[in-house]
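J.: Next come the chains, spelled out residue by residue.
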Amino acid sequence: MQNRKLALSDDILLSVEKPARYIGNEINMVKKNPKDVDIRYCMCFPDVYEIGMSHLGIQILYEMFNQRDDIYCERVYSPWPDLDKIMREQNIPLFALESQDPIKDFDFLGITLQYEMCYTNVLQVIDLAQIPLKACDRGMDDPFVMGGGPCSYNPEPIADFFDIFYIGEGETVFYDLMDKYKEWKNSGKSREEFLFMASQIEGLYVPLFYDAEYNEDGTLKSFKPNREGVPETIVKQVVTNLTDTFYPRKPLVPYIKVTQDRVVLEIQRGCIRGCRFCQAGYLYRPTRPRKLETLKEIAESMIDSTGHEEITLSSLSSSDYKDLGDLVYWLIDKYNKAGVNVALPSLRIDAFSLDVMSKVQDIRKSSLTFAPEAGTQRMRNVINKGLTEDDILNGAIEAFKGGWDRVKLYFMLGLPYETYDDVEGIAILADKVARAFYDTVPKEKRHGKVSIVASSSIFVPKPFTPFQWARMNSKEEAREKRDFLRGKFAEQLNKKSLKYNCHDAFTSELEGVLARGDRKLNDVILEVYKNGAIFDAWTDFFEYDKWMAAFEKYNIDMNFYIDRERPEDELFPWDFIDVGVSKKYLLKEYQTARNEVVTPNCREKCMGCGMAKFKCEDSVCFGA
Amino acid sequence: MKYRIKFSKHGSMKFIGHLDVMRYFQKAFRRSKIEVKLSEGFSPHQIMSFASPLGIGLTTDGDYLDVTLVDDTLTTDYIFEKLQAEMNGEINLVHVSELSDDAKNSMSIVCACDYEVFVKPDKLSKFSKEYFSNLSENAEKFLEQETIVVTKKTKKSEKEMDIKEYIYEFRGVENKAHSSDDSTPPNLLFMRLTSGSVLNIKPELVMESFCKFLSIPYDFLDYQINRTEMYADKNAVKGQVNTLTSEIKCDLVPLEDFN
Chain A
1 MQNRKLALSD DILLSVEKPA RYIGNEINMV KKNPKDVDIR YCMCFPDVYE IGMSHLGIQI
61 LYEMFNQRDD IYCERVYSPW PDLDKIMREQ NIPLFALESQ DPIKDFDFLG ITLQYEMCYT
121 NVLQVIDLAQ IPLKACDRGM DDPFVMGGGP CSYNPEPIAD FFDIFYIGEG ETVFYDLMDK
181 YKEWKNSGKS REEFLFMASQ IEGLYVPLFY DAEYNEDGTL KSFKPNREGV PETIVKQVVT
241 NLTDTFYPRK PLVPYIKVTQ DRVVLEIQRG CIRGCRFCQA GYLYRPTRPR KLETLKEIAE
301 SMIDSTGHEE ITLSSLSSSD YKDLGDLVYW LIDKYNKAGV NVALPSLRID AFSLDVMSKV
361 QDIRKSSLTF APEAGTQRMR NVINKGLTED DILNGAIEAF KGGWDRVKLY FMLGLPYETY
421 DDVEGIAILA DKVARAFYDT VPKEKRHGKV SIVASSSIFV PKPFTPFQWA RMNSKEEARE
481 KRDFLRGKFA EQLNKKSLKY NCHDAFTSEL EGVLARGDRK LNDVILEVYK NGAIFDAWTD
541 FFEYDKWMAA FEKYNIDMNF YIDRERPEDE LFPWDFIDVG VSKKYLLKEY QTARNEVVTP
601 NCREKCMGCG MAKFKCEDSV CFGA
Chain B
625 MKYRIKFSKH GSMKFIGHLD VMRYFQKAFR RSKIEVKLSE GFSPHQIMSF ASPLGIGLTT
685 DGDYLDVTLV DDTLTTDYIF EKLQAEMNGE INLVHVSELS DDAKNSMSIV CACDYEVFVK
745 PDKLSKFSKE YFSNLSENAE KFLEQETIVV TKKTKKSEKE MDIKEYIYEF RGVENKAHSS
805 DDSTPPNLLF MRLTSGSVLN IKPELVMESF CKFLSIPYDF LDYQINRTEM YADKNAVKGQ
865 VNTLTSEIKC DLVPLEDFN
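So the protein sequences, as listed, match chains A and B. Per the numbering used here, residue 1 is the first one in the first sequence, and the count goes up by one each step. Per the numbering used here, residue 625 is the first one in the second sequence, and the count goes up by one each step.
You may find that some hints are simply not true.
In silico EDC-like pairs for lysine to aspartate or glutamate, Cα to Cα no more than 20 angstroms straight-line [unchecked claim]:
no.	chain 1	residue 1	chain 2	residue 2
1	B	Lys661	A	Asp333
2	B	Lys750	A	Asp10
3	A	Lys337	B	Asp696
4	A	Lys5	B	Glu714
5	A	Lys334	B	Glu659
6	A	Lys334	B	Asp695
7	A	Lys257	B	Asp644
8	B	Lys706	A	Glu26
9	A	Lys5	B	Asp746
10	A	Lys31	B	Glu714
11	B	Lys661	A	Asp304
12	B	Lys651	A	Asp261
13	A	Lys322	A	Asp244
14	B	Lys661	A	Glu310
15	A	Lys337	B	Asp695
16	A	Lys359	B	Glu664
Sample of chain B residues with no beta-carbon within 10 angstroms of chain A, all distances over it, derived [unchecked claim]:
no.	residue
17	Ser676
18	Lys776
19	Lys777
What follows is a set of in silico ranges between Cβ atoms, one per label pair, in the way DEER data are often shown [unchecked claim]:
no.	chain 1	residue 1	chain 2	residue 2	range
20	A	Thr539	B	Glu764	55 to 61 angstroms
21	B	Ser781	A	Glu17	25 to 31 angstroms
22	B	Val773	A	Glu17	29 to 35 angstroms
Worth flagging that the hints you see were computed from the coordinates, not collected in a lab. These numbers were taken from a predicted model, which means no experiment stands behind them. Built from N, CA and C at the ideal position, the CB exists for glycine as well.
Full structure from sequences and hints, please.
T.: In structure tokens:
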């Protein structure tokens with residue numbers, strides 16, 4: 001039998017951790033002869049294989065691209081540091097998993113940007129692929145490097161490294177771009193001419209064609225196209241009918257255990273809630289549910305084609321999906337006996353969710369999850385988190401009656417207008433949940449203590465949210481609050497039942513800088529990368545000092561990006577993108593937050609955020 | 625109904641570890657719609673067991689797994705066809721046989737394995753012509769030693785051990801796949817070694833000892849090891865290894881023929 005060609009030798013593969021990350025040939029991998037296609041596209045998730053393979057977006061685009069006979073879409077993930085070192089030493093070009101061919105010979109390298117801390121990994125991938133790091137240094141033989149995903153809504157800190165950003169949902173204009181590319185490919189036209197053609201497609205942003213000017217204080221003065229015919233505003237692309245859009249039927253099945261080792265069914269996109277800290281809640285408006293019958297059919301075909309033993313539902317707020325009960329009971333009836341587990345997403349804790357949880361989980365082993373996000377009602381009103389203390393306590397009491405005795409609570413520290421009373425409120429709320437347990441469950445029915453685990457992350461203000469103007473807490477403030485809160489936990493009556501974890505403040509600080517950064521940060525990121533930083537999202541590899549040194553070298557003050565309440569009329573680096581929700585609406589929401597007033601959700605009342613202009617059929621804007 | 629499935633694993637699949645091969649077969653069974661019996665308990669799992677884990681980097685022509693199916697009317701041909709349709713091109717079915725309900729599972733009965741050991745194509749230049757031309761002769765001489773003492777490493781300790789008795793066969797053989805213009809070695813080593821839960825002799829250990837005998841350096845990366853068959857012993861006694869010279873001699877049968 002002819003063995004598949006592998007890019008790496010046996011010696012290398014047998015000397016690195018988990019060689020299966022680099023060999024491809026997973027079940028449902030698409031096999032094409034590269035000679036038979038016009039376009040070779042390599043999709044990249046810039047993190048380790050196990051994380052990247054768990055990402056639904058790439059699975060969608062992978063199958064969508066490969067439906068076309070003229071395109072071969074392949075994949076690549078970040079080589080782990082052990083292989084990274086070998087590839088540099090031996091000058092091995094980064095390759096795609098399918099054909100094992102070097103990516104530098106492809107037409108496109110498309111990188112999904114899911115979190116800011118992956119930026120050095122983006123450079124790692126481009127560099128290992130032996131493609132010039134800066135778009136302006138690339139020539140006719142180099143692939144076009146594209147970016148997309150949540151972080152592309154403020155692409156400026158990494159604008160130098162990308163030829164094109166895709167602003168919006170991938171199912172919409174990719175085919176148009178591919179058609180343009182075919183037109184260009186054999187036309188003899190220049191690289192820049194193709195970029196111009198791309199810039200004419202709505203939703204595609206070519207950083208090269210725009211110039212940023214700054215005021216003396218470092219804020220943005222103007223951001224404009226530098227040539228005729230290039231649009232001033234980039235309009236986000238939205239799928240207007242989610243039920244009819246493309247969904248993968250044959251997702252890839254990895255050999256090694258990955259983070260999301262199961263069928264993922266996206267039941268709806270968008271969220272009606274409008275929590276003011278949540279970027280996804282604004283970026284993916286409007287809420288667009290998929291039809292129940294379609295979901296059943298998709299679930300069936302994905303379980304059949306993968307053989308996975310678990311299915312889970314994905315959306316920003318599954319409890320808001322109207323047919324959730326029908327869907328979940330259908331899945332349980334059909335699959336639980338066959339040994340296919342239904343893994344529930346986080347749900348609002350009520351009679352329904354407790355019933356399904358008791359059907360699909362071992363109560364003794366599973367825990368309840370609440371995300372109050374803030375410790376006091378005042379603070380929850382500020383962030384527009386509809387969950388009340390009664391919701392939490394009543395949900396918990398019902399659950400305790402049903403046999404649960406483990407609760408997880410998620411909070412944020414450093415929210416706008418936060419006081420120390422709000423911080424202390426986290427410990428008090430955790431204690432109230434514990435008290436509810438001891439009041440509800442008689443001694444003889446307890447299996448030891450109740451376990452309440454509260455975790456707090458540090459709030460990072462994001463573009464396109466009402467808090468985009470807000471000052472972020474410094475890591476010193478965050479640490480102070482954390483230590484204060486730790487002390488408050490120790491004062492609670494049920495302190496032995498409570499546990500408190502807090503996220504790392506260093507990473508959050510940097511995330512804060514990158515999230516609302518501008519073009520000036522490109523140099524910093526490049527410098528950090530050149531000094532050897534990769535895998536910043538991994539605590540073991542994150543090197544804070546390298547970042548500090550780079551900021552210093554380029555004389556950039558991190559506090560400009562975080563420690564500053566932005567004036568209402570400030571021009572933001574991401575303002576050239578039109579996500580649908582207007583800046584005016586966001587500002588109004590920021591003011592409403594200051595007044596501690598809750599805004600009704602999209603189903604209760606349309607607040608005129610601006611999304612209705614996309615005319616999405618079957619969306620909450622039209623009653624769905 | 626219990627079945628025993630013999631499968632091969634080659635090419636890039638040699639980098640997939642044992643636990644992942646288990647997961648691969650679990651998912652393959654689900655895709656094939658051949659229902660595997662589930663264990664009791666809150667999180668039921670398929671009743672499936674493998675004869676012996678194969679290390680990362682090794683290939684096989686004949687490894688085994690035992691599985692209990694819900695439908696006992698299925699023919700072995702049907703199972704072979706349906707399950708083979710779900711294979712990935714590099715792991716393939718070789719044979720499916722029925723087992724009696726009280727058959728012991730292959731993990732508990734495996735007692736010997738055959739291996740072929742090749743010099744990898746990209747490592748041929750490290751070896752002299754004489755290495756290959758004298759391979760058969762040297763293999764014979766190796767086995768003629770009074771004792772073959774190796775250091776057997778376990779997680780806890782290292783101990784010296786004479787494994788001569790546990791090497792049932794060790795010889796140089798012609799490589800049938802070789803032709804003068806390809807990059808495969810002209811000949812290779814064949815070995816049959818004691819295997820299983822009582823005592824397991826790894827082919828790497830024997831290779832290391834053989835290299836020491838030849839006074840050449842040993843590097844595990846130089847060799848491709850391919851398992852070719854796994855055996856049960858008709859005369860097996862619990863907790864004991866029967867060899868060719870022990871009081872009760874072993875009588876080896878390939879697992880696919882043992883019920």
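J.: Run every hint past the structure and note whether it holds.
T.: Right, here's what the structure says about each hint:
1. At roughly 18 angstroms between alpha-carbon atoms, lysine 661/B and aspartate 333/A fall within 20 angstroms of each other, so this suggested pair holds.
2. Restraint check for lysine 750/B and aspartate 10/A: satisfied, since their Cα atoms lie roughly 16 angstroms apart, inside the 20 angstroms limit.
3. Between the alpha carbons of lysine 337/A and aspartate 696/B the distance comes to roughly 19 angstroms, so the proposed pair stays at or under 20 angstroms and holds.
4. Restraint check for lysine 5/A and glutamate 714/B: the C-alpha separation of about 12 angstroms stays at or below 20 angstroms, so the hint holds.
5. Only pairs whose Cα atoms come within 20 angstroms are accepted, and lysine 334/A paired with glutamate 659/B is accepted, the gap being roughly 14 angstroms.
6. For the hint linking lysine 334/A to aspartate 695/B, the alpha-carbon distance of about 19 angstroms falls within 20 angstroms, and the restraint holds.
7. The suggested pairing of lysine 257/A with aspartate 644/B holds, with an alpha-carbon distance near 8 angstroms, which does not exceed 20 angstroms.
8. Restraint check for lysine 706/B and glutamate 26/A: satisfied, since their Cα atoms lie roughly 19 angstroms apart, inside the 20 angstroms limit.
9. Simply put, lysine 5/A and aspartate 746/B have alpha-carbon atoms about 14 angstroms apart, close enough for the 20 angstroms limit, and the pair holds.
10. With a CA separation close to 14 angstroms, the supplied pair lysine 31/A and glutamate 714/B stays within the 20 angstroms bound.
11. Restraint check for lysine 661/B and aspartate 304/A: satisfied, since their Cα atoms lie roughly 18 angstroms apart, inside the 20 angstroms limit.
12. The hinted pair formed by lysine 651/B and aspartate 261/A meets the criterion: a straight-line CA distance of about 11 angstroms does not exceed 20 angstroms.
13. A hinted pair counts as satisfied when its Cα atoms are at most 20 angstroms apart, and lysine 322/A with aspartate 244/A qualifies at roughly 18 angstroms.
14. Taking the CA atoms of lysine 661/B and glutamate 310/A, the gap is about 17 angstroms. The hint holds against a cut of 20 angstroms.
15. In summary, the hint linking lysine 337/A to aspartate 695/B is supported, as the alpha carbons are separated by about 15 angstroms, within the 20 angstroms threshold.
16. A distance of roughly 16 angstroms separates the Cα atoms of lysine 359/A and glutamate 664/B; the hinted pair therefore holds under the 20 angstroms criterion.
17. The beta carbon of serine 676/B sits about 19 angstroms from the closest Cβ of chain A, which is more than 10 angstroms, so the claim that it is off the interface holds.
18. Taking the minimum C-beta to C-beta distance to chain A, about 22 angstroms, the non-interface status of lysine 776/B holds against the 10 angstroms cut.
19. For lysine 777/B, the non-interface assignment is confirmed: its Cβ lies about 18 angstroms from the closest Cβ of chain A, beyond the 10 angstroms cut-off.
20. Between threonine 539/A and glutamate 764/B the beta carbons are some 57 angstroms apart, a value that agrees with the proposed interval 55 to 61 angstroms.
21. Between serine 781/B and glutamate 17/A the beta carbon distance is about 26 angstroms. The supplied range of 25 to 31 angstroms therefore holds.
22. Roughly 33 angstroms separates the CB atoms of valine 773/B and glutamate 17/A, a value that falls within the hinted 29 to 35 angstroms.
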